[in-house]
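Since the structure of chain Z is provided, determine the placement of chain Y on it from the hints.
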Amino acid sequence: MSTPSTAAPQLFCTFFLGAKRFGIRVLEVREINRETTLTPVPHAPSEVRGCANLRGQVHVVLDIAKLLGLDGTALGPDSRLVILKPTVAEACGILVESIGDIVELDADAVEPWRPEQHGAQPGGDLIAGIGKLDDGLLVILNASRLLPAVDRTLARGG
Amino acid sequence: MQGERLTLFEFVSEAKEHLANVTDDLLALEKQQGDAARYRIDRLFRAMHSVKGGAGFFARRTVEELAHRMETVLGQLRQGRLTADAALTDALLAGTDRIYALLDDIERSNDADIADVCARLRPFLESAPASPLGTAVRYRLQLDLAEHCRRQGRTPSLLVRALQQYGQIIEPHLQSPPTDLRRGPPDGPLLFEAIYASNLGLDELRAALQLQPEQLTPIAGESAPPAECSVAKPETVQPQSVRIHLPLLDRLMSLAGELVLVRNQALQSVQAADVPLRQVVHRLNSVTTALQETVMLTRMQPVDHLFGRFPRLVRDLARQLDKQIELTLDGTEVELDKTILESLSDPLTHLVRNACDHGLETSALRLAAGKPASGRLLLRAHHEGGQIRIEVRDDGRGIDPQAIRRKALEKGLRTAAELDRLSERETLALILLPGLSTAAAVTDVSGRGVGMDVVKTNLEQLGGSLEIESRPGLGTAFHLRLPLTLAIIPCLMVTVDGERFAVPQKSLEEVLCVRDGAALRIECAHDQEMVRLRHRLLPVVRLAEVLQRRRPFNAATRAEIVRKHHADGHGVQPLTFIVVVRMGGERCGLVVDGILGTEEIVVKPLHPLLKSLPCFSGATVLGDGRVSLILDVEGIARQAGVLQAGVLASAAPAVAAPEADRQAVLLFRHGDREQFAVPLSMIRRIEMIAPGQIERVGDSEFVALEGTPIRVVRLEHYLRIAPAADQPIMFLLLPRHLARPIGVLITSLIDSVTLPIELDTDCVREDGVLGSALINEQITLFLDLFRLGDRIEQGRAAQTAAAPRPARQRILLVEDTQFFRQVVRGYLEADGYHVETANHGGEGLERLAAGRFELVISDIEMPVMDGWTFARAVRARDFDVPLLALTTLSSDSDRARAAECGFDRYEVKLDREKLRAAVAAMLSGEEASVSP
Chain Z
1 MSTPSTAAPQ LFCTFFLGAK RFGIRVLEVR EINRETTLTP VPHAPSEVRG CANLRGQVHV
61 VLDIAKLLGL DGTALGPDSR LVILKPTVAE ACGILVESIG DIVELDADAV EPWRPEQHGA
121 QPGGDLIAGI GKLDDGLLVI LNASRLLPAV DRTLARGG
Chain Y
1 MQGERLTLFE FVSEAKEHLA NVTDDLLALE KQQGDAARYR IDRLFRAMHS VKGGAGFFAR
61 RTVEELAHRM ETVLGQLRQG RLTADAALTD ALLAGTDRIY ALLDDIERSN DADIADVCAR
121 LRPFLESAPA SPLGTAVRYR LQLDLAEHCR RQGRTPSLLV RALQQYGQII EPHLQSPPTD
181 LRRGPPDGPL LFEAIYASNL GLDELRAALQ LQPEQLTPIA GESAPPAECS VAKPETVQPQ
241 SVRIHLPLLD RLMSLAGELV LVRNQALQSV QAADVPLRQV VHRLNSVTTA LQETVMLTRM
301 QPVDHLFGRF PRLVRDLARQ LDKQIELTLD GTEVELDKTI LESLSDPLTH LVRNACDHGL
361 ETSALRLAAG KPASGRLLLR AHHEGGQIRI EVRDDGRGID PQAIRRKALE KGLRTAAELD
421 RLSERETLAL ILLPGLSTAA AVTDVSGRGV GMDVVKTNLE QLGGSLEIES RPGLGTAFHL
481 RLPLTLAIIP CLMVTVDGER FAVPQKSLEE VLCVRDGAAL RIECAHDQEM VRLRHRLLPV
541 VRLAEVLQRR RPFNAATRAE IVRKHHADGH GVQPLTFIVV VRMGGERCGL VVDGILGTEE
601 IVVKPLHPLL KSLPCFSGAT VLGDGRVSLI LDVEGIARQA GVLQAGVLAS AAPAVAAPEA
661 DRQAVLLFRH GDREQFAVPL SMIRRIEMIA PGQIERVGDS EFVALEGTPI RVVRLEHYLR
721 IAPAADQPIM FLLLPRHLAR PIGVLITSLI DSVTLPIELD TDCVREDGVL GSALINEQIT
781 LFLDLFRLGD RIEQGRAAQT AAAPRPARQR ILLVEDTQFF RQVVRGYLEA DGYHVETANH
841 GGEGLERLAA GRFELVISDI EMPVMDGWTF ARAVRARDFD VPLLALTTLS SDSDRARAAE
901 CGFDRYEVKL DREKLRAAVA AMLSGEEASV SP
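Chains as they are written, first to last, in this note's numbering: chain Z, 1 to 158; chain Y, 1 to 932.
Next up, chain Z with everything else stripped away, as it sits in the complex (with noise of 0.2 Å):
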């Protein structure tokens, strides 16, 4: 789960967070949402940036800029919401500053995240690994630690 590991090329759909590219496997999500009127959830932790109602069942929207340790996510014109699927994180879906294209990568073309070169860094556990693009580097996360993430936030008294 963590590395693509087989031969065949994976689509990742890519998003912004102000300069910085990053991508989630598109078997991960199920759907982007222009909707993004949020409802603040007092008390939660800071990377819980909202409720919304998406058909009729409450979906919990994470700041993936929080949860990455960078500054928190600003709600544009391009803000988008993606939504994960149910079986990765349940009602969950996270807001991104705007969407960028679905890109196809190779096996080959993804390197595994080693934590131990980079150094004890926020969120350096929700990187699975890091993509070679013509154009530039892509961080592709791993969608199913995000809420395990929040969850451990919220243990230590938010």
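Be aware that a few hints might be false.
Claimed, not checked - Quick list of simulated restraints, FRET-style, between CB atoms:
| no. | chain 1 | residue 1 | chain 2 | residue 2 | range |
| --- | --- | --- | --- | --- | --- |
| 1 | Z | 86 | Y | 116 | 41 to 49 Å |
| 2 | Z | 19 | Y | 267 | 52 to 60 Å |
| 3 | Z | 86 | Y | 241 | 24 to 32 Å |
| 4 | Y | 218 | Z | 87 | 46 to 54 Å |
| 5 | Y | 162 | Z | 86 | 41 to 49 Å |
| 6 | Y | 275 | Z | 87 | 41 to 49 Å |
Stated by the list, open to error - Pairs of lysine to aspartate or glutamate, EDC-like flavour, derived with a Cα cap of 20 Å:
| no. | chain 1 | residue 1 | chain 2 | residue 2 |
| --- | --- | --- | --- | --- |
| 7 | Y | 338 | Y | 17 |
| 8 | Z | 20 | Z | 151 |
| 9 | Y | 611 | Z | 90 |
| 10 | Y | 31 | Y | 322 |
| 11 | Z | 85 | Y | 250 |
| 12 | Y | 909 | Y | 846 |
| 13 | Z | 132 | Z | 106 |
| 14 | Y | 611 | Z | 151 |
| 15 | Y | 338 | Y | 293 |
No lab work stands behind these hints: they were computed from the structure. For clarity, every value in this text was computed on a predicted model and none was experimentally measured. Using N, Cα and C, we set each Cβ at its ideal position, and we do this for glycine too.
Same frame as chain Z, now just chain Y:
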């Protein structure tokens, strides 16, 4: 893999469906015999057979084997070789339970040990006599008798007997090799060959006869024993339902909700001029509403699902405790939300268990007490006023209040003085206290009390309540009240910092509006903000401050908040709303920015990630599609630290008068001089109006409210008071219980207060005034709204209430509250009756003994001697006088109790028309009953 597991899951739910009736049928079989039982046996047989078949298909060996054994026993039962006695039923029930258990853990079922259950079933398999050959299957039996006997340690005759027990031996051959008999009996192989006919299966025979597989083999061409050899009654009723995966149902529910939102958007965006489109949208509107209601119904399940388990439980308990218990189920068709039904299971089981174990006596004891040997237990469900009521009633030994009293004293839960003040009902309620619910209390308090606090808590979590009613020696009843559904709840929508939040109506008491310069203001007591609400201190919590801080308040935060809001000394923003909420016995006020109104909301669970947040109990989607959080008021109060500070709030100014004499009244002014009061309970509503809305028709004035013309009453036209000049804003009091709607015009509202009131009837005598009292050092006139209504209607009221006015019939009014005594006496005297009064039951009895009365009207809750005791005493002493209960208690159980105590009729206080009608009816000797 996934698919396979899915089909396996299908098998499990199907098998459970087959088994659903098994317990009921088995229990019924035990009672009925003969033809009536036939249908049930067939059904049981079919159920087991289907389970066996499915289990075989999925290679669930243990399930298959167990089902097979049970099927065989049932087969014997069907052929009349066994009777369904208690032992057999026990064994079959045990088998059913085990199959359930195996199904619950189907993945590992093959590893489960079922030897014990099989052993329980074995006697019934073995006692089955040989079956007639007609339905049997033939096997080939081939074995070395000598070797078999050596190995199994049994004699040949035992084997033959066993063989004959399970079937029939046909064409036996015994072959022995030629031996020299002079060397003793033959010791070589002794070959026994036979055709053996039996209607048991191969494996079973091998097991029962302890034969090796090669010793007993099927004969080619013979089929397995027919499972359903007799013609089963065809299922006449096709089930009218399908199974639905629960998440699917929940999903359907949210989608219906979403459709409502789309409809709302469509309604908003359609142009008024676009008539054809508007019609379409309106149809969309009605279809959506109907859809949502129908989907709501899918969550409802009959109480039967819950009650259905109790016949079995009660039967088992009765056998275990060696008691005779007859269980009656009533109202099983009443429907209740699935979630509530599920959470109700534990508390109800607890109550039933308690009733069987401790409530009902053994037959010997019952006979000695003059009761039928068999104890009765009733489980009843019914609708009442938008709620479900469930009753668990036994006719056992009841609960002894004295024992509870002793226990409470012993445990130090209450002092003797406190206990003396408690009514019987309140004393019984003590068993719900955690401290009393200990095993030690069990023996003393006839057992009730184990975990009763847990039962109560469970019910309260569901938004329900529990009441106990008990008569020593006669039985006990537990009354459970529950909401119909948890999915939709009425809420008050409030705003804080621009966000909307929902406050559940069930925790809501009232809403206060604090304005600069108004009498009500937020004050500080040390570091806690308070308001004086009707002379009691109410702690106040600023919701915005709570929501801004993740950590519970401590001294520093509280000090900071007080500094922030009271820096300028008076601590009131231009306009503040305080939502008064209660949690348990405590109350507090939540300061919010705005009130949006009430709304029925669909409750959705919070994301698991957010479940641990104490201040929210759920979420909902509002009409505009946005999510709003539902506040947990108890969590908020705890967060703000006011639950502990509740002590402060209850340290209200000491009140000299007893609680019973206190009245909630509305104080208002009309004109510049007089202050008036009306009991709050007599007011239906207060409307704000502008004098311009008043229309003149002839010499009367009317205001149209909600399409109804309301006659406007100006007090100065009926009372000798100073006329009041019209103000830009005036108020209209709309009284309750009047035959025709009137509105009393007043110039300003003062407050609503709860005060001890001593009415003086001499100081001010006027038609339409009950009396006067000093409130806030000012003479206050108490209006008699009924009398005013009469004067306006003139003769009309007299016509409608066709009360004959016979010459001075004598009525005794027993009522402890001076205020009510005055009011009711006024009504009766206005109708021409002669009224005498008594302050409590004891005095009432004295009056009755002293003189003749045609009717007694009595309150229920009184000091010294309450209404219940009074009525019993009146009946015990054979006073031949009709009794009318006049009270504020209005539940069905109160009515039932009134009837039981000897009241002939029951009326609710302050409804004058009903009271007059009841009095007239009773005095004319008309039969009336208390039952609803």
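Quick rundown of the hints versus the structure:
1. For residue 86 of chain Z and residue 116 of chain Y, the hinted distance range of 41 to 49 Å is satisfied, since their beta carbons lie about 42 Å from each other.
2. A beta carbon spacing of about 44 Å between residue 19 of chain Z and residue 267 of chain Y contradicts the range 52 to 60 Å that was offered as a hint.
3. A hinted range of 24 to 32 Å for the beta carbons of residue 86 of chain Z and residue 241 of chain Y is consistent with their spacing of about 28 Å.
4. A hinted range of 46 to 54 Å holds for the C-beta pair residue 218 of chain Y and residue 87 of chain Z, which are about 49 Å apart.
5. One distance hint, 41 to 49 Å for the beta-carbon pair residue 162 of chain Y and residue 86 of chain Z, is violated here, with the actual separation near 60 Å.
6. The beta-carbon spacing between residue 275 of chain Y and residue 87 of chain Z, approximately 48 Å, falls within the hinted interval of 41 to 49 Å.
7. Taking the CA atoms of residue 338 of chain Y and residue 17 of chain Y, the gap is near 18 Å; set against the 20 Å cutoff, the hint holds.
8. Of the supplied pair hints, the one linking residue 20 of chain Z and residue 151 of chain Z is violated, its CA atoms being roughly 25 Å apart against a limit of 20 Å.
9. Between residue 611 of chain Y and residue 90 of chain Z the CA atoms are separated by roughly 14 Å; this keeps the pair inside 20 Å, and the hint holds.
10. Annotation: proposed proximity of residue 31 of chain Y to residue 322 of chain Y holds, straight-line Cα distance about 17 Å (limit 20 Å).
11. For the suggested pair residue 85 of chain Z and residue 250 of chain Y, the alpha carbons sit about 18 Å apart, so the restraint of at most 20 Å is met.
12. About 24 Å separates the Cα atoms of residue 909 of chain Y and residue 846 of chain Y, which puts this hinted pair outside 20 Å; it is violated.
13. Annotation: proposed proximity of residue 132 of chain Z to residue 106 of chain Z holds, straight-line Cα distance about 9 Å (limit 20 Å).
14. With a C-alpha separation of about 11 Å, the suggested pairing of residue 611 of chain Y with residue 151 of chain Z holds against the 20 Å cut-off.
15. Restraint check for residue 338 of chain Y and residue 293 of chain Y: the C-alpha separation of about 16 Å stays at or below 20 Å, so the hint holds.
Against the hints set out earlier in the document, violations occur for numbers 2, 5, 8, 12.
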